[in-house]
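Q: Sequence order for the protein chains is A and B.
Throughout the first sequence, residue numbering follows the working numbering, covering 1 to 326 in sequence.
Throughout the second sequence, residue numbering follows the working numbering, covering 1001 to 1326 in sequence.
Think of the hints as simulated: they come from the structure by calculation, not from any bench.
Among the hints, erroneous ones may be present.
Below, a sample of chain A positions facing chain B; criterion: calculated Cβ distance under 7 Å [claimed, not checked]:
| hint | residue |
| --- | --- |
| 1 | V152 |
| 2 | I162 |
| 3 | N190 |
| 4 | S194 |
C-beta atoms are modelled at their ideal positions from N, C-alpha and C, and glycine is treated no differently.
Number of protein chains: 2
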Amino acid sequence: MTTTTTTSGAPQPIAVDTNGADGGPDLVAEGARLAGTPVELFGGEEITNEEDPAFAVRSKPDASIVRAAKAVGAGEADALVSAGSTGALLAASLFHVKRIRGVHRPAIAVLVPLPGKPVLLLDAGANVEVRPEYLVQFAYMGAAFMETVHGVARPKVGLLSIGEEAKKGTDEIVAAHEELAGGALDFAGNVEGSALASVDVVVTDGFTGNVALKLMEGTAKAVGGAVGDAIRSGLVSSLGGLLVRGRLGRLREQLDPNTTGGAILLGVRHPVVVAHGKSSAEGVANAVRLARRAADEDMVERTASALAKGGALRSAPAASFATSHD
Amino acid sequence: MTTTTTTSGAPQPIAVDTNGADGGPDLVAEGARLAGTPVELFGGEEITNEEDPAFAVRSKPDASIVRAAKAVGAGEADALVSAGSTGALLAASLFHVKRIRGVHRPAIAVLVPLPGKPVLLLDAGANVEVRPEYLVQFAYMGAAFMETVHGVARPKVGLLSIGEEAKKGTDEIVAAHEELAGGALDFAGNVEGSALASVDVVVTDGFTGNVALKLMEGTAKAVGGAVGDAIRSGLVSSLGGLLVRGRLGRLREQLDPNTTGGAILLGVRHPVVVAHGKSSAEGVANAVRLARRAADEDMVERTASALAKGGALRSAPAASFATSHD
Chain A
1 MTTTTTTSGA PQPIAVDTNG ADGGPDLVAE GARLAGTPVE LFGGEEITNE EDPAFAVRSK
61 PDASIVRAAK AVGAGEADAL VSAGSTGALL AASLFHVKRI RGVHRPAIAV LVPLPGKPVL
121 LLDAGANVEV RPEYLVQFAY MGAAFMETVH GVARPKVGLL SIGEEAKKGT DEIVAAHEEL
181 AGGALDFAGN VEGSALASVD VVVTDGFTGN VALKLMEGTA KAVGGAVGDA IRSGLVSSLG
241 GLLVRGRLGR LREQLDPNTT GGAILLGVRH PVVVAHGKSS AEGVANAVRL ARRAADEDMV
301 ERTASALAKG GALRSAPAAS FATSHD
Chain B
1001 MTTTTTTSGA PQPIAVDTNG ADGGPDLVAE GARLAGTPVE LFGGEEITNE EDPAFAVRSK
1061 PDASIVRAAK AVGAGEADAL VSAGSTGALL AASLFHVKRI RGVHRPAIAV LVPLPGKPVL
1121 LLDAGANVEV RPEYLVQFAY MGAAFMETVH GVARPKVGLL SIGEEAKKGT DEIVAAHEEL
1181 AGGALDFAGN VEGSALASVD VVVTDGFTGN VALKLMEGTA KAVGGAVGDA IRSGLVSSLG
1241 GLLVRGRLGR LREQLDPNTT GGAILLGVRH PVVVAHGKSS AEGVANAVRL ARRAADEDMV
1301 ERTASALAKG GALRSAPAAS FATSHD
């Protein structure tokens, strides 16, 4: 439970923005109902991808995403879900849900379901440019998410880079590496793109993270497509072909960020889930369930506590939100 | 033919460094002979990955890579091939083969054999940090390579970024985009990681490029591995399984930078080919053939000419190497 809802012991609903999904508000409403947990729906005025997010959020107080974020900030809802413009969701969250005290920048985290083992990748696009201290915070935030929401005990954290050696990578990565090597996390050092599954959490800047996700999606599609060609050309028996295609289709779907539903904004004072615009009703339901689970597991408080214990917060948080539950 | 070999009209051999390949100098020598074109082999002292490349190249004048690069710089060989330390090859090329006048930084270009269409990606790791003018030059250099060596007429060039809009990406990308949009190339704007095959040349910084290549390799392996699991679990008939595995194995191999053999250093005064350490003899032969072809097609002269015509050289090259053949 979050600090701002301590006036009542009972959980608050999940605030769901019904705008922005390709399937329209009715599909989002249906998905929210399917989730099996109380929700509050916010419809009406929409902020689109074409608008400047910060300006739109400031100048449209009646927009659905703004009212939903305000409800969460005011403690009338425990978490926020939107399939609308990611930029608008990020801006509304910064203004109205607000950062955890001492956090430099929130980051978008995506659970990449690599065959065999899911790996959390962050930042997936919130921060095109980063400083070393942002990367260090992302490491703590990602580890806390995997621990609280996915039950991974002491997650292994790596920095995405171009070689395993501590000195490989950009200046920001080298500095973050040095800081994390002496820190409280189970830090595995640098990981290369070919070895993501060797860790539970992969930390990178928002530019590289976004490019990486789309490359994985594109490669999975290309490999799958080529296998499909082999099947259609009659090189493979039809039964075998059908089975392989089913299996590949699932893999492709899992690797497609459109359908992971696992994107979450970390570093803000309540859980914020980034549902994809192409979500099905079941996708929206999964996003609402993820938000509920993050709230129930006190993800935010445990994240703040881990950042404080690791000495990774911006300033000594004497009486801050970060340590009020510690 | 290169400017420095105009004393004789006859082609010079390809200089091959026999050190650095996992298979040892004998395998490299065998591969060089298989290429079917005159070579000059350089063996003896080796510079390894563990040494500082610039220091090692300066302090070991007898190292094979240094002598081979000097032979190329002196016009005694038309191009350079090495399967040794990429850092040492880069340093030896900078010192002894030298940059084309007006080129800021050489870049490593890799031909990614995406199913259906090969795409050239650069920089694959020579420059961890870039400035906009480097990216602009990479665009011209990559296009000239695809045109001269692979016969692609007017190659489509894109900047790897996190959205198609001109303003998406790092400050460096936005500035390079602006420059290229008004330039002489067939510029397709920004491309996302999921759409690499929409262009012939993808330009990025050496950090993102290196991460991208390894991610593609890792994803192709993961998808292939999962299909292998389906086959082993008996879900797929053994004949169908064998055929799919063969097909996938080839795809995986193609996507593996170890076996593409297509890495070339662009922006220096003679062709320099980066053969992979894990090359087979046939891989070495392909690297030598690529070097021969780049020399025969006047890749360097045509690159310099394209850079000059596009106004992308560092300073007006009045009587420089760059325009001497223009």
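Q: A separate judgement is required for each hint: does it hold in the structure or not?
A: The hints, checked one at a time:
Because the beta carbon of V152 (chain A) sits about 19 Å from the nearest beta carbon in chain B, more than 7 Å, this interface hint is broken. Here the hint on I162 (chain A) is kept, as its CB sits about 4 Å from the closest CB of chain B, short of 7 Å. About 11 Å separates the beta-carbon of N190 (chain A) from the nearest beta-carbon of chain B, more than 7 Å, and the hint is not met. About 4 Å separates the beta-carbon of S194 (chain A) from the nearest beta-carbon of chain B, less than 7 Å, and the hint is met.
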